[in-house]
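2 protein chains.
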Amino acid sequence: MKAEILTVGTEILMGQIVNSNAATISELLNDFGIDVVYHTTVGDNFQRMTRALAQAEERVDFIIMCGGLGPTEDDLTKEVLAKHLGEELVQDKAGYQKLLDYFEKTGREHTPNNDLQVLTLKGGEVLKNEVGLAVGSFIEKNGKFYAALPGPPSEMRPMLSNVLLPKLAEKTGANGKLYSRVLRFYGIGESQLVTKLADLINQQTDPTIAPYAKEVEVTLRLATKCKSEQEANEKLEKIKQEILKTEDVGEFFYGEGEYNTLANVTVELLKEKGVTISAAESLTAGMFQSTLCDIVGASEIFKGGFVTYSQETKAEFLGINAEELTQHGTVSEFCAKEMARCAREKSGADIGVSLTGVAGPNTLEGKEAGTVWIGIATKEGVYALEHHFARSRQFVRMNSVMKALSMVHKELLSCS
Amino acid sequence: MKAEILTVGTEILMGQIVNSNAATISELLNDFGIDVVYHTTVGDNFQRMTRALAQAEERVDFIIMCGGLGPTEDDLTKEVLAKHLGEELVQDKAGYQKLLDYFEKTGREHTPNNDLQVLTLKGGEVLKNEVGLAVGSFIEKNGKFYAALPGPPSEMRPMLSNVLLPKLAEKTGANGKLYSRVLRFYGIGESQLVTKLADLINQQTDPTIAPYAKEVEVTLRLATKCKSEQEANEKLEKIKQEILKTEDVGEFFYGEGEYNTLANVTVELLKEKGVTISAAESLTAGMFQSTLCDIVGASEIFKGGFVTYSQETKAEFLGINAEELTQHGTVSEFCAKEMARCAREKSGADIGVSLTGVAGPNTLEGKEAGTVWIGIATKEGVYALEHHFARSRQFVRMNSVMKALSMVHKELLSCS
Chain A
1 MKAEILTVGT EILMGQIVNS NAATISELLN DFGIDVVYHT TVGDNFQRMT RALAQAEERV
61 DFIIMCGGLG PTEDDLTKEV LAKHLGEELV QDKAGYQKLL DYFEKTGREH TPNNDLQVLT
121 LKGGEVLKNE VGLAVGSFIE KNGKFYAALP GPPSEMRPML SNVLLPKLAE KTGANGKLYS
181 RVLRFYGIGE SQLVTKLADL INQQTDPTIA PYAKEVEVTL RLATKCKSEQ EANEKLEKIK
241 QEILKTEDVG EFFYGEGEYN TLANVTVELL KEKGVTISAA ESLTAGMFQS TLCDIVGASE
301 IFKGGFVTYS QETKAEFLGI NAEELTQHGT VSEFCAKEMA RCAREKSGAD IGVSLTGVAG
361 PNTLEGKEAG TVWIGIATKE GVYALEHHFA RSRQFVRMNS VMKALSMVHK ELLSCS
Chain B
1 MKAEILTVGT EILMGQIVNS NAATISELLN DFGIDVVYHT TVGDNFQRMT RALAQAEERV
61 DFIIMCGGLG PTEDDLTKEV LAKHLGEELV QDKAGYQKLL DYFEKTGREH TPNNDLQVLT
121 LKGGEVLKNE VGLAVGSFIE KNGKFYAALP GPPSEMRPML SNVLLPKLAE KTGANGKLYS
181 RVLRFYGIGE SQLVTKLADL INQQTDPTIA PYAKEVEVTL RLATKCKSEQ EANEKLEKIK
241 QEILKTEDVG EFFYGEGEYN TLANVTVELL KEKGVTISAA ESLTAGMFQS TLCDIVGASE
301 IFKGGFVTYS QETKAEFLGI NAEELTQHGT VSEFCAKEMA RCAREKSGAD IGVSLTGVAG
361 PNTLEGKEAG TVWIGIATKE GVYALEHHFA RSRQFVRMNS VMKALSMVHK ELLSCS
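For the protein sequence lines, the chains are A and B, in the order given. Take the first sequence: its position 305, counted from the start at 1, is 305 in full-length UniProt numbering, and no numbers get skipped. Take the second sequence: its position 154, counted from the start at 1, is 154 in full-length UniProt numbering, and no numbers get skipped.
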């Protein structure tokens, strides 16, 4: 089944709010096995809403209108839908009782416009609102499905999940469900990943493989429509293994999950192995340590560290020899190794990490913006690697943190 | 002029990302005096993109396509636009040189598909990408305007503001131009601000006053259409002064500008006054110091500081008396004052800042998540204030950093 999401609201067209409802509805419908092929947004305007509705009918089987169910003059959605389908609007009794109770309980003034919220299409079904007052509507007509959902996300989401989708499942019967997994990669660009996997992606129709470039990483979404979770898992695991064994691909994979992060994977692995970590940061000025502590329970593996932004604090806070530091410069292998070693020693942690380099936009000590040394100290010894990042100051700093996490992650995987 | 925003990307229809670009573009176009009347999103599909383009042409004068300029097979936007308008795609020389430089600098593999990013419509104008590699396109044809912008918000926004809108202003001529200013507030909620300014906002038609709640701050956009910049400035300055003199409003104002931040205002003020700063951070674990160093030239006022996440590092790195620390606990006025004092002394900075508290989600030392003490040490003495933040771990940590910046900012304004 193909669907279109028709969101309504002048505030969306003004850019006053981001249309997160379209994303939420899309995600839930896709998981349900419905292909969302269009999003359209129109203002609170009777004619434009009607035209958008007519147009959606020509290209999809299921139209979800969202927004415009409230009590004000601007709220036209159910009126538009009713007129367009030649249906009558009637009051939902349960909804009206809830509305009366609400006004009695809160002592607010019950102005007549509020009653518009509990109207519903006579030939359809009411969609109960578990959170707010405005009821939704669902109707099947001429072989198409139509739904009207409220705009506030806190009301829309439970109505969609708990009321609309179960009704739809009844009507359509379960013809397989969509299962998906997200594989996450750091250190490889989207174009490079797609090139390496070209044959696989081109041959592949089920599961599908969809690459997506995030700000500093790339993900692959694997998706398949199956009757059972077990069948889906087998298919998804098989294609995952094929991807990971591809040359120059598997080494950049760090974890699975829509909301997973490299910081999360690294902190969890530190916890699992009982390894503690500290850092001394120059260009990132605390961002690496702060990123570790985004993760709940980071205190198990992180006790503290240093921000040594100037040459002097590198010597004073960490005890690096000032003369040697001047000789080698702060953007150097020497400096990165010393910072990592001293951070480890001063904190008593198992791993010491250092980041020093040129955030930009200007050069530093004759080194170009984007030149970054990252050091790792363990009980086995110390090493540092030079990296070059391009683009903005923000991007250089963020990528430095990701690269340092990635080096720690690899270090943990390689040690027994 | 009426516009439609045509965003492209299967990941939007899958609900994997929220279409924030549509909101950003809408906001900026509305400010520019262009009415955005439709948002449409289609997947990376040649036919559907072409059909959506043809349909947009029938109802608006300006079509902004966004997304699909990257290097993969899925990136079809410029190809669709060129074919639809009967234009040829040619390589942008400057863009290609930048691409070559990028691959040389980073040492990444330059696969041929990357070159697709620097194609542009022959009969139109190139839109330079200040951040990434993919160039945009702008063309006027048959009395309509068309633009293609990149999908990553960090690339799209500067291309729209700095490149596309100035070109559009040239083409359309100034029939009175829209001038706007953004006033930024921290520490007051949107509903509170709007309530305080209710009379002013309701009476006001020119300049318009539009409030907007960001993640941890609120902005007011003042806008007016004028023939000259001078006339606009006078009108905008007058209303700004009225707003700032309103009771319980002016004290929360920290600066002006679309891209301004509290960190930027604070760092610039530190520079201007020649005041240096250091910090010791617990729950924020380096985020405060990292936020200062987002700003170019932070090294003038920041040399380094400490991340003291555990009780032990607070004692060891800073020299706080361990017994007293145990007695008072780490979420205490005592701890915040000592951390600020020691950070100042150890670093030799003029101001020492401390952040200690409970990021959550769990309680700590019997204190609820969101309880945060922030300390400020200067040559005059030390003080600390208790704050309570709600919502998520991320929100508590981010708000702690904003509050600390705000305290430093006020400290700087109050000292001569």
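It should be emphasised that the hints constitute simulated quantities derived from the structure, not laboratory data. As the structure is a computational prediction, the values presented were derived from the model and not from experiment. Certain hints may be false.
[As the list claims (entries may be wrong)] DSS-like mimics (lysine-lysine), calculated; alpha carbons at most 27 Å apart, straight line:
no., chain 1, residue 1, chain 2, residue 2
1, B, Lys235, A, Lys196
2, B, Lys379, A, Lys214
3, B, Lys235, B, Lys245
4, B, Lys271, B, Lys235
5, B, Lys367, A, Lys271
6, B, Lys98, A, Lys367
7, A, Lys367, B, Lys271
[To be verified] With the Cβ distance kept under 10 Å, some of the chain A side facing chain B (calculated, not the full set):
no., residue
8, Leu28
9, Thr195
10, Lys238
11, Lys240
12, Gln289
[To be verified] Computed footprint of chain B on chain A, listed as stretches where at least three residues anywhere in the stretch have a Cβ under 8 Å from a Cβ of chain B:
no., segment
13, 148 to 162
14, 208 to 219
Glycine residues also receive a C-beta, built at the ideal position from the N, C-alpha and C atoms.
Against the structure, the hints:
no.: 1; hint: B/Lys235 / A/Lys196; in the structure: 58 Å, violated
no.: 2; hint: B/Lys379 / A/Lys214; in the structure: 46 Å, violated
no.: 3; hint: B/Lys235 / B/Lys245; in the structure: 16 Å, holds
no.: 4; hint: B/Lys271 / B/Lys235; in the structure: 31 Å, violated
no.: 5; hint: B/Lys367 / A/Lys271; in the structure: 25 Å, holds
no.: 6; hint: B/Lys98 / A/Lys367; in the structure: 19 Å, holds
no.: 7; hint: A/Lys367 / B/Lys271; in the structure: 25 Å, holds
no.: 8; hint: Leu28; in the structure: 7 Å, holds
no.: 9; hint: Thr195; in the structure: 5 Å, holds
no.: 10; hint: Lys238; in the structure: 22 Å, violated
no.: 11; hint: Lys240; in the structure: 18 Å, violated
no.: 12; hint: Gln289; in the structure: 4 Å, holds
no.: 13; hint: 148 to 162; in the structure: violated (count 0)
no.: 14; hint: 208 to 219; in the structure: holds (count 5)
Of the numbered hints stated above, those contradicted by the structure are hints 1, 2, 4, 10, 11, 13, listed in ascending order.
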